[in-house]
Amino acid sequence: MTMLDRYLYAVQNGLPKDQPAGDIVAEIGDDLQSQMEERASAVGRPLTEDEQAALLLAYGHPRVVAARYGGAQYLIGPELLPYYWSALRTVATIVIAVELLGGAIGALVSHHGILFFSALGAAWNSLIWIFGIVTIIFAVNERVQARGGRSIGLVLFRWDPRRLPAPGARPPTPRSSSIAEFIANCIALLVLLDATGTHHVPLDIIIANALRDAHATLTPAWYAARIGGIAGTALVAASALAVFVRPSLAAMHELVRAIASAAVIAGIALTLQAGPWVEPANGSLNTTALYTLVAALVILVVQLIISVRTLQRKPPNRTANSSRAITRA
Amino acid sequence: MRNGTGAPADTPVFENLRLELRRGCLTLAVLSQLRTERYGYTLRKALEFAGLDIDEGTLYPLLRRLESQGLLASEWREENKRRKRFYRLLPAGEQIFEQLSAELDRINASLDRIIAEA
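From first to last, the protein sequence lines stand for chains U and Y. Under our numbering, residue 403 is the last one in the first sequence; the count climbs by one each step, no gaps. Under our numbering, residue 119 is the last one in the second sequence; the count climbs by one each step, no gaps.
Bear in mind the hints are in silico, worked out from the structure with no lab data behind them. Worth double-checking, as some hints may not be accurate.
To give a feel for the contact side, a few chain U residues facing chain Y, derived at Cβ under 7 Å [as the list claims (entries may be wrong)]:
{"no.": "1", "residue": "Glu101"}
{"no.": "2", "residue": "Asp104"}
{"no.": "3", "residue": "Asp105"}
{"no.": "4", "residue": "Ser108"}
{"no.": "5", "residue": "Gly134"}
{"no.": "6", "residue": "Arg137"}
{"no.": "7", "residue": "Val139"}
{"no.": "8", "residue": "Tyr143"}
In this text, a Cβ means the ideal position worked out from N, Cα and C, and glycines have one as well.
The task is simple: from the sequences and hints, build the whole structure.
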């Protein structure tokens with residue numbers, strides 16, 4: 075069996091099942107033989123094995139040559155790709171949000187913070203499954219569409235130009251940012267809720283152990299900061315979830331962030347006034363608590379200033395300009 | 002050397018745009034050459050001689066597609082002691098070729114005007 079025969083056999087194996095393999099391979103074989111004969115007559119001798127191999131290499135990998143006879147050349151083509159990314163992001167964020175929310179509720183109800191972190195681990199698994207399932211659905215639809223079927227994108231993402239949102243003060247918040255903010259605030263909320271009584275969340279366990287080793291306890295002065303923190307994180311988490319569902323609510327979210335920052339600032343300020351924060355009051359832990367509260371206060375004030383300045387920015391008058399351009403055209 | 006966009010002529014950007022520009026023209030060139038019956042290798046050589054290189058990986062699947070669209074007919078015949086697949090234009094292919102040629106003329110005329118005005 076010659077090298078050319080082996081090459082043609084490899085091409086034949088890669089051809090789509092609905093193509094006339096014999097015909098295609100015979101035609102490619104004839105073309106290659108014609109090329110070899112032309113080169114051989116140009117050099118005045120039969121081609122060496124290396125020269126034949128170079129010609130076949132230039133012709134292309136058998137799988138690539140065979141694939142050109144197939145219908146769809148893409149796993150997911152450019153027409154479906156934007157819908158695919160949207161579907162992947164939406165499904166992944168919804169499933170993960172539900173999983174984490176379930177984990178958070180489970181942790182709060184059972185007083186076992188570890189349940190939330192188990193849900194966090196399970197979310198990684200879900201991501202892989204979601205990626206696989208959504209990709210398979212769209213890859214199948216790509217083939218169905220090539221045979222005249224409907225695009226899943228047009229079915230799932232129906233839109234009406236009359237219902238498009240008006241240009242806002244800033245571009246809509248990406249859903250990935252909203253979900254990241256939601257998760258971060260859920261974790262913070264869990265830490266704050268778990269801070270009293272029996273500790274289950276790693277951070278609370280570490281703090282409780284450190285206090286026990288130092289024979290110290292937290293004073294009731296922390297109550298205001300804790301309540302402010304719980305209210306603030308719960309508000310921001312709920313608002314981030316709302317923005318995830320409707321990204322055009324970004325302006326409302328900024329307002330919620332400002333209110334939440336103010337609530338936490340008020341709580342921390344009250345806690346600072348009510349010191350000492352650790353019993354016995356003369357230890358270095360008290361100074362550490364003071365620095366921690368002041369640092370948190372500074373960060374929150376900066377956050378509040380950013381939120382207020384963002385809220386003060388006026389939306390660009392893009393609609394008016396566009397309308398003028400349309401009228402002129 | 003740089004093209005009009007400021008990107009050097011041998012960059013991937015230029016190469017991609019060049020391929021896009023050529024894609025539609027290749028079908029027209031193939032249809033034009035098959036007004037005379039030819040087999041794949043001689044068709045490729047004829048196009049190459051006319052200054053339009055086309056690789057085999059593009060040509061043969063294109064011929065098959067045009068045949069399945071009812072624009073070409075093919076038959077296996079023996080020539081120089083080897084079986085070869087000869088292609089020729091069908092009446093429907095002739096018609097499409099005329100329409101595409103007219104369309105290309107229109108596009109060329111418009112482009113000439115647009116480029117001259119620029």
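To see whether the hints hold, each was checked on the structure:
Given hint, Glu101 (chain U) at the interface with chain Y, holds; its Cβ is 5 Å from that chain's nearest Cβ, closer than 7 Å. Checking Asp104 (chain U) against chain Y by beta carbon gives a least distance of about 6 Å; that is within 7 Å, so the hint holds. Interface hint status for Asp105 (chain U): upheld, as the beta-carbon distance to the closest one in chain Y is roughly 5 Å, under 7 Å. Against a cut-off of 7 Å between C-beta atoms, the interface hint on Ser108 (chain U) holds, since the closest Cβ of chain Y lies about 4 Å away.
With a cut of 7 Å, the hint placing Gly134 (chain U) at the interface with chain Y holds, because the nearest CB-to-CB distance is about 5 Å. The closest approach between the C-beta of Arg137 (chain U) and any C-beta of chain Y is roughly 12 Å, which is over the 7 Å cut-off, so the hint fails. Interface restraint check for Val139 (chain U): the shortest CB-CB distance to chain Y comes to about 6 Å, inside 7 Å, so the restraint holds. Because the closest C-beta pair between Tyr143 (chain U) and chain Y is about 5 Å apart, less than 7 Å, the hint holds.
Against the hints set out earlier in the document, a violation occurs for number 6 only.
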